[in-house]
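Asks: Kindly generate the complete structure, drawing on both the sequences and the hints.
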Amino acid sequence: MVRKMSGEEVLIGEGWKFKRTAKAWGPCQLSELPRDIAERAQEVGVRPDMNDRSGAYFQIDHSVVFSRIQKAFEGKAEIMSVKDAMKKYKWLEKFVWSIIDKEADEYTRLAADEWDNGYFIRIFENQKITLPLQACLFISTNNLDQNVHNVILAEPGSEAHIITGCTVHPNVRSGLHVGISEFFVKENAKLTFTMIHAWGEELIVRPRTGVLLEDGATFVSNYVSLKPVRSLQMFPTAYCRGDGSRAVFNSIIYGSGESKIDAGTKILLEGKKSRGEIISRSVAADRADITARGLLIGKDKESRGHLECMGLILSEGAVIRAFPELIAEVEGTELSHEAAVGKIAEEQIFYLMSRGFSEDEARSLIVKGFMNPNILTDLPEPLKMEIEKMIELTMKKKL
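For the sequence shown, position 322 matches number 310 in my numbering, and the numbering has no gaps at all.
Possibly wrong hints are sitting among the right ones.
Taking lysine-lysine and the DSBU-like style, the derived pairs with C-alpha atoms no more than 30 Å apart in a straight line are [unchecked claim]:
(1) 71 to 116
(2) 75 to 90
(3) 372 to 254
(4) 5 to 90
(5) 261 to 178
(6) 331 to 261
(7) 116 to 254
(8) 356 to 254
(9) 260 to 289
(10) 71 to 178
(11) 78 to 5
(12) 377 to 116
(13) 116 to 7
Label pairs and their calculated CB-CB ranges [claimed, not checked]:
(14) 12 to 324: 48 to 54 Å
(15) 332 to -4: 25 to 31 Å
(16) 80 to 23: 31 to 37 Å
(17) 362 to 339: 19 to 25 Å
Worth flagging that the hints you see were computed from the coordinates, not collected in a lab. Yeah, the Cβ is synthetic: ideal placement off N, Cα and C, and Gly gets one too.
Replies: Written as structure tokens, this is what we have:
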């Protein structure tokens, strides 16, 4: 549907209508956030106490409430709103909307026309940031449209881990989140990006992500979504243009309720000896509908790529579709994939029950093993433990 604007409203998608006005939040320390907001942020890996974090950005609705680098990391990295960054650095204009086409679809056009900030993170040349940076994009107003544009620049030889948590206030049931993210990973830089989503049952979520890798660059993406969402559609694309560049995408998705999820990844292997890897684990319960996609395109004769797509169905009304796709455009490229979708094998349940577990306990153990966060790459141990707890809590609620 063609988007229509009427002052304080936006009409988009399947006739969905959202508000464009929200309360203005003033700046505050993360430790001063309202308790209900701080608790929700912690559920998606964001630490209001800033322990084990090198810097943070926090946005509520359309307002930036916090943005700061810890003193020990000043001069090594910077974090601020994109709007402030564009005022500070005129050269940043050439990066914004350079990977993603603002005319790609109605959601990118909306984000370009109705821009509600977003974060800019820059890792300076040859700097290794030993503690993760964190960012939180939070919706506190029911039925609000939030459009953010994030730009991340890892300069040559740098290394960092960014944790982004996206969630809503407990009283928020519906809304629209459009997240544009453009990553620039320069020569011999390494960037790990872990994103944790915890939306609401009537949230529409439209991430649009592009990654550009130069010679010797590495980009690792970890994605976790365990809460119900009305509609999530994402297809991040990585361009491995540099020689020896490498892109890795890992995801754990648990769809429940009436969730409709269409998630995948596209990697173009353009540089000499470039590498790509996609690993996804999808679980569908209740009446969830999940489409898992993966696309590897080999454009260099020495490029290599592997795609692994696994799905587990827990309920009669749940559906998982898997679409692994390999395209070899030159002779010599090596691309492979494996995919499997099915239900829990009864013999696995019977075996665990013979060991003294109840049927529900047996199912929970099998699902937790399937969603093991060990598939996620370069996670700090505390964050890995937090994700394990999230998975365990999800299983307790559903089984």
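Asks: Does each hint hold? Answer for all of them.
Replies: Do the hints match the structure? See the list:
Proposed proximity of residue 71 and residue 116 is supported: the alpha carbons are some 26 Å apart, at most 30 Å. Simply put, residue 75 and residue 90 have alpha-carbon atoms about 21 Å apart, close enough for the 30 Å limit, and the pair holds. As the CA atoms of residue 372 and residue 254 are separated by approximately 25 Å, the hinted pair is consistent with the 30 Å bound. Of the supplied pair hints, the one linking residue 5 and residue 90 holds, its CA atoms being roughly 21 Å apart against a limit of 30 Å.
In summary, the hint linking residue 261 to residue 178 is supported, as the alpha carbons are separated by about 17 Å, within the 30 Å threshold. At roughly 38 Å between alpha-carbon atoms, residue 331 and residue 261 are farther apart than 30 Å, so this suggested pair is violated. The suggested pairing of residue 116 with residue 254 holds, with an alpha-carbon distance near 28 Å, which does not exceed 30 Å. Of the supplied pair hints, the one linking residue 356 and residue 254 holds, its CA atoms being roughly 27 Å apart against a limit of 30 Å.
Simply put, residue 260 and residue 289 have alpha-carbon atoms about 8 Å apart, close enough for the 30 Å limit, and the pair holds. Under the criterion of a C-alpha separation no larger than 30 Å, the hint pairing residue 71 with residue 178 is consistent with the structure, at around 25 Å. Taken as a hint, the residue 78 and residue 5 pair is broken in the structure, with Cα atoms around 35 Å apart against an allowance of 30 Å. For a cut-off of 30 Å, the pair hint linking residue 377 to residue 116 stands: about 29 Å separates their Cα positions.
Of the pairs offered as hints, the one joining residue 116 and residue 7 is violated, with about 41 Å between alpha carbons and a cut-off of 30 Å exceeded. Distance hint check for residue 12 and residue 324: the Cβ-Cβ separation is about 51 Å, which falls inside the suggested range of 48 to 54 Å. Checked against the hint of 25 to 31 Å, the pair residue 332 and residue -4 fails, with Cβ atoms roughly 48 Å apart. Distance hint check for residue 80 and residue 23: the Cβ-Cβ separation is about 36 Å, which falls inside the suggested range of 31 to 37 Å.
The hinted window of 19 to 25 Å between residue 362 and residue 339 holds, with their beta carbons roughly 22 Å apart.
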